[in-house]
Structures are given as structure tokens and as C-alpha cells.
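Student: Here's the letter readout for the chains.
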Amino acid sequence: MFKYVKRLQYPVNIKKKDLRMAKYLVTQYGGANGELGAALRYLNQRLTMPDAKGQALLNDIGTEELGHVEMLETMIYQLMKDATLEELKEAGLDTHYAEHAKALFPVDANGVPFTTAYFATTGDPLSDLSEDMAAEQKARAVYENLIDLTDDPDVIGPLLWLRQREIVHYARFKELFDYYEAQLKNGYNELPKKTFPLNDYLIENTTYNNYEKIM
Amino acid sequence: MYNYNYDWYYMNRNNNLYNMNNQGKELFNPKEGFEKGNMFNNLYSGYKNYNYQKLVPRNEQEESLFKLQAICFAAHDLNLYLDVHPNDQSMLMLFQDYLRQEEQLIKEYESKYGPMTIDGLINSNSFQWFKEWPWEVKNV
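Each protein sequence line maps, in turn, to chains A and B.
Everything in the first sequence is counted per numbering that gives the first Met the number 0, starting at 0 for the first residue and increasing by one.
Everything in the second sequence is counted per numbering that gives the first Met the number 0, starting at 0 for the first residue and increasing by one.
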């Protein structure tokens, strides 16, 4: 289960309101490459990863992404909270106000609402991990676009930090991908699709036959 | 706002030991790793000519919070590494050392500034859960 801890993973203290930036930033909350999609993608895929390594990595990165959702929520809230109705209209956020007032709502930078179609799951570990690696690269690219769009150091700091996390997650997914791919090349016909009960069989170099015995 | 003497030195002590045992896998200390968002030197990659944000605490509470966040971050980044490399014993030892520091720092923080999780209220004589949500801007 999940337990709330009353702190952010990394500090966010934005003193200056900036509605245009809030409008762009929301895409990393509710857009195709955003943190909400990432969290749900990994927490979904973790159940059908073929071994304990994959299950643990997807579980732990998925959990961290929930912390990033929280950081994005905080950034958007702080950028918007002191805005007047006039300012919202000027920034083109009057349409947001009509439905949500100043409440958060996960959409992309063009206002397209969040959809579960953003987190693909095939049940095939190599394909799922390729998806995850691409997702991390896309999120890194979007963070770079967002950094280009602001000159507020209070916003740039957390964006640089979140961008760096995409790089680390990509590297870990790639390691896992390479590991599974090597398993296939070393004589497995296919990666096992069963996941329960949890076991460590792949951590030691057991053979496919041993795997079947364990299951 | 005032200049607070910010001493992270004690956090560096274990990394030297770690580097001696593991050639080529250099780790940042928890403060630098936390500020950069990456504990692993070989994975770190900056954007254009931007410098990562240096976190300067504005009061004692922020100092305690940043230290705690840094250690939690360091432990978490090693956690992700260990998920894929569970047999790296020296990394496991460093990870456990960070966990011990984390436990201590959380205890200290909660005793001064209130609980971070709801079960921290166990010995409290009032329901002090309402103050200071982390999404509010902290003006000092």
C-alpha cells in the first residue's frame, strides 16, 4: 500500500506567478509524456515483469513518479494561486477557469485531457521496457522545451532536477532491457510471462529448465 | 533571510571508502547528488550551460529538511541501482548506511517540527497534522 509522507522529493518554492508557464507546465502533469502517465504506466507494468529485478525496478520507479506528480502539482498551483480573473483571461486560462476555477486538472499544454491510452502495456517485457525507455527520453525532451520557455530560477531549478531523473530512469530501464535481451540470446525461447509467486530465479544464472521446475 | 552556515561535511565520509572498493563507479556525496538529481557521476548529464540549483537553506528548519531530503534521495537512487544489481555488496553497505542516517534525521526533524507521517502523532498531545503542507510556498 502507499503511505503519505509530508514532504516533496525535491523542494519547490516559486514566488512569482506566471500563468503562461503554468499553462505549459501542465503538460508534464497530464500530457502524453507527463508524470501521471509515467507513474501509472510503471505501476501497471510491474505486475507482469518476468522476474524480481523487473518487478522491483518498475515498482520503485513508478513510486518515485508519483512523487514527481506531486512536484508538478505544486509548481502549477504556486504559479497560478495569486492570479486575478483578468490575468487568467489574458493568459488564455479563462477556459480552464470556466470548468475548474483554480483547481488542478490533468491536461496537456493544448488542453487535451489525460487519457489512459498514454500508458501502453503489452505484457511483453522487452516491448514494455522499450516503451518505458522512450517515455523517459520524451519526458526529458519536454523538460528541456519547458526550461527554454522560462527565465525564473525558481522554476528552472526543479525542471533541471526532474530532467535529470529521466536520464537516470532511462539508464536503469536500459540495463534491465539489456539483461533480458541477453537472457533471450543465451538460449531462452521466450522470457517467462508468469510472475507469481515472486521469486529470484533470474538473479542467479539459472537455466530455463530450472525456471520451469520452480514454477 | 540570513546566511546560514551550512555544513554537509559529515555526509561525505562514506563515499571515500566506497570509491576505493569500486573503481570507475564514482558516486557524488548525498548533498551534491541530491542537488544534481543523480548520485552517479557516469550518468550525470547537464542541459546546455545551465547549472544545477544550489540549495541554500534560509533557516534551521530548511537546513534539517534539505539534509533529510538529500539522504532520502541518495538512498533511493542507490535503491534503483540495487534493483538491477542486487549482488553489489559494497553498494548494499553504503545503501544501508544511508538508511541509518535517514532514520536518525527523520527522528530529529519530527521531534522539532512535527510528524511527516500520520503515525508520528502517536505521542502528540494535540492533532498537529494540519500545519505546513508541502505545496505551500515557504516564505522566510
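Since the hints were derived computationally from the structure, they do not count as laboratory data.
Since this is a predicted model, take the numbers as computed values, not measurements.
Any given hint might turn out to be false.
Far from chain A by the CB rule (all over 12 Å, computed), these chain B residues [stated by the list, open to error]:
hint, residue
1, ASN28
2, ASN41
3, GLN52
4, HIS75
5, ASP76
6, LEU79
7, SER89
8, MET92
9, ARG99
10, LYS106
11, SER125
So the derived list for chain B, only partly shown, Cβ under 8 Å to chain A, looks like this [to be verified]:
hint, residue
12, GLY36
13, LEU64
14, ASN78
15, LEU91
16, TYR112
17, VAL136
From the three backbone atoms N, C-alpha and C, an ideal C-beta is built for every residue, glycine too.
Student: Now tell me if each hint is right for this structure.
Tutor: A quick look at each hint next to the structure:
{"no.": "1", "hint": "ASN28", "verdict": "holds, 16 Å"}
{"no.": "2", "hint": "ASN41", "verdict": "violated, 9 Å"}
{"no.": "3", "hint": "GLN52", "verdict": "violated, 3 Å"}
{"no.": "4", "hint": "HIS75", "verdict": "violated, 7 Å"}
{"no.": "5", "hint": "ASP76", "verdict": "violated, 7 Å"}
{"no.": "6", "hint": "LEU79", "verdict": "violated, 5 Å"}
{"no.": "7", "hint": "SER89", "verdict": "holds, 18 Å"}
{"no.": "8", "hint": "MET92", "verdict": "holds, 18 Å"}
{"no.": "9", "hint": "ARG99", "verdict": "holds, 18 Å"}
{"no.": "10", "hint": "LYS106", "verdict": "holds, 14 Å"}
{"no.": "11", "hint": "SER125", "verdict": "holds, 16 Å"}
{"no.": "12", "hint": "GLY36", "verdict": "holds, 3 Å"}
{"no.": "13", "hint": "LEU64", "verdict": "holds, 7 Å"}
{"no.": "14", "hint": "ASN78", "verdict": "holds, 6 Å"}
{"no.": "15", "hint": "LEU91", "verdict": "violated, 13 Å"}
{"no.": "16", "hint": "TYR112", "verdict": "violated, 10 Å"}
{"no.": "17", "hint": "VAL136", "verdict": "holds, 5 Å"}
Hints 2, 3, 4, 5, 6, 15, 16, counting from the list given before, are not met by this structure.
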